[in-house]
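Top line first, the protein sequences correspond to chains E and H. Going by UniProt numbering, the first residue of the first sequence is number 1, and it counts up by one from there. Going by UniProt numbering, the first residue of the second sequence is number 1, and it counts up by one from there.
Where hints are given, some of them may not hold.
Since copy identity is lost for identical chains, a pair holds within one copy or between any two.
Claimed, not checked - Below, in silico cross-link-like pairs of lysine-lysine (BS3-like), each with a Cα-Cα straight-line distance of 30 angstroms or less:
1) Lys331 to Lys265
2) Lys264 to Lys331
3) Lys177 to Lys140
4) Lys145 to Lys177
These aren't lab readings, by the way, just hints derived from the structure by calculation.
Number of protein chains: 2
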Amino acid sequence: MVESPQSQNALSPDELHEAWAVLSVDERLEGFRLLPAAVADDFFLGLSAREQGELILSLPPAERRTWVRLLPPDDLADLVQAVEPEQVDAILSQLDDASRREVNVLLAYSEDDAGGLMNPRFARVRPDMSIDEAIGYLRKQAREKVETVYYAYVLDAEQRLQGVLSLRQLFQAAPDKRVADVMIRDVITVAENTDQEAVSRTFSEHSFMAMPVVDEQRRMKGIVTVDDIVDVVQEEATEDIQKVGGMEALDAPYFDVGFMAMLKKRAGWLMVLFLGEMLTATAMGYFEHEIARAVVLSLFIPLIISSGGNSGSQATTLIIRSLALSEMRLKDWWRVARRELSTGLALGAVLGVVGFLRVMAWQALFHSYGDHAFLIGMTVGVSLVGVVIFGTLSGSMLPFILRRVGFDPASASAPFVATLVDVSGLVIYFTAASLFLSGTLL
Amino acid sequence: MVESPQSQNALSPDELHEAWAVLSVDERLEGFRLLPAAVADDFFLGLSAREQGELILSLPPAERRTWVRLLPPDDLADLVQAVEPEQVDAILSQLDDASRREVNVLLAYSEDDAGGLMNPRFARVRPDMSIDEAIGYLRKQAREKVETVYYAYVLDAEQRLQGVLSLRQLFQAAPDKRVADVMIRDVITVAENTDQEAVSRTFSEHSFMAMPVVDEQRRMKGIVTVDDIVDVVQEEATEDIQKVGGMEALDAPYFDVGFMAMLKKRAGWLMVLFLGEMLTATAMGYFEHEIARAVVLSLFIPLIISSGGNSGSQATTLIIRSLALSEMRLKDWWRVARRELSTGLALGAVLGVVGFLRVMAWQALFHSYGDHAFLIGMTVGVSLVGVVIFGTLSGSMLPFILRRVGFDPASASAPFVATLVDVSGLVIYFTAASLFLSGTLL
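Generate coordinates for the entire structure from the input sequences, incorporating the hints supplied.
Spelled out as structure tokens, the structure:
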């Protein structure tokens, strides 16, 4: 690494971090080189895999090695997946053979699995070591490669996991005891191909700083550390929020997604919703004669269908998140349905009363709605109760149905529920209208 | 703790965890007592603060001590905040004086601040110790109270933070060096009153397992560990998702929120949206004569306004999440606006063409729209372009505006944007109609 003297216009690490997204490649390089050596490592490690890759590739080949070798194998695997395929060699050629092999093993796992998250370097001890020997051996491993030494994993000669010891337990134990005497045998593990969402759930149910990843023969493959779980949790939440907002998950920061890719992610769902919403034009066609006879009815259509959409959007968002956090399971659907029925009734009653009063008030003030204002008010009020109950119920049940048939509950996005409720809202509204108004307006 | 013999109907820890939410207090207690002693600790630590509190209070007073003392001070502070005020003494009376003092200090901090997250027990060394002395001293601390020994914090006689050493660095250093020779002096810290969202951002910018919390004199108060950050990240994402869905954040699992509390969280926003949506009835009133003359126009109202709402919902969700993840800043608004303008134009063009074709197709198949079908198709198509552009632009700008004036950008919920766009969508639609249809239908 070439060190530049700290100049007047050097940015602090935080300033550089903040400006990073909007800097050009050359500006990034310049800002990075102006960082004091003591903080450059930390700054580099805090970049995303994609940013690390871009930065390394913008350096002259002779300067790349330091930075590539700074990264542990799991971060290197992420980096390799983030750069263009033709650049991979420029990265991997900087590694020694052993590390390159480690990275290649990790690349064989899917990015979203425990295997894709894990670090293959972990602290290991043998069951027959004394506590003092184990501490000495850990010290040696820390000097060499292993960076995570919170837990020492106890492996037999076939690399099978026999137990675990936290550093604290190791420090607490009498120095002359054996590892096998004090280790915990009942180790919570995750399998190589466990999905990252399930891994993060296991982390939140227990409170570990790291968890071992094992294969089917219980041979230990690596560890997943809780700091990687923070990223997983952020990623999964982002996916869910974007799906709830009615689009495909982006899988990258906003400014990193190309125009066409962004369009594709958004146009797909927007078109599905549009085609669904076309049913409203068909439904409205059935009520064309009612509208022609009582144009006043059309005035409340947006108000009524959007109230159904809004209450459905609340309900579906609530249930999607609760399912994602495992606060509820599939079998709780009936409990939720009963509760949402009462909630919908209460919310609908509130909106219904306000809607009725709105019609009555405008009639009193402006005589907006002719002779049958009371009946129109009743139609609006009663439809609102029906539409809000329907919105709440369908919004809350849709995520359960989607999960039951094997889809992601988060696909029950707010706009999707709104579209569903729009069509049925029209039917509810015109049914109420024919109940209250036939013989008078209709 | 009373140990029961493992019976036939004992649940595994995972089964018990899964069933926990739906079990009665007695069933929980029974299931918990049937757990093997070796896993009961881990199970207990994996419960939420609220669940830990309920479980402890359901135990006879004589059995409470073991479990209360198992918890570190930061978790105890959370627990005390989760139980009823009149139960707090039943918990705190189980502690020794020193621990009770620690918990009381933590309770003085707001729950959402670094001070409310931190653990006051951390591993400390003196700058003039030799490396071997420091390791020995850490070992002693681990035997006593401190559970997190990944980093040793170097404090002077006034408890001011001088530097930090990771366990790995300590293990790597030559045994006869002094702590002051090898410690890192440039320590990243957080202040006691830093908001938890800012703390989690600092964690994601660096890659630490723990961070020191200091007061204004740089005296060290405790550490925040990354496993607590996982919970913070989940919590903040849940709040954002619920706000995006158009409701107040619940701050508790679905089944833990009482009926009336739930109603309040949902009715508030629903009513705001309803009052806003009433403007559509007013807007429609202005166009009543147009609708009376050309009822066919009313058929497409739901289709058109919902397309604006859907595209706005996508845009606002995307920007809210990007702002929350610091992928963009306030000053990027102009870059976003330009990009969303082109995206909106492209999306609007796609929907506009499909909408136009829909009208033409129905006309060809069913003669649905009379003599002026082409002009109606043009009206629908052009309005869609306008409405989608308007939805995309206002949906993407609203979060920036909210943040600029000091509100949470997440309040720009999908339903809120939809409501905003509904009113303007009607104006756009009827303006297009008067352009294309005056002299013919209008």
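Outcome of the hint check:
1. Lys331 to Lys265: between (32 angstroms within a copy, 25 angstroms between copies)
2. Lys264 to Lys331: between (36 angstroms within a copy, 27 angstroms between copies)
3. Lys177 to Lys140: Close inside one copy (20 angstroms) and across copies (17 angstroms); limit 30 angstroms.
4. Lys145 to Lys177: Close inside one copy (27 angstroms) and across copies (21 angstroms); limit 30 angstroms.
In this structure, none of the earlier numbered hints is contradicted; all agree with it.
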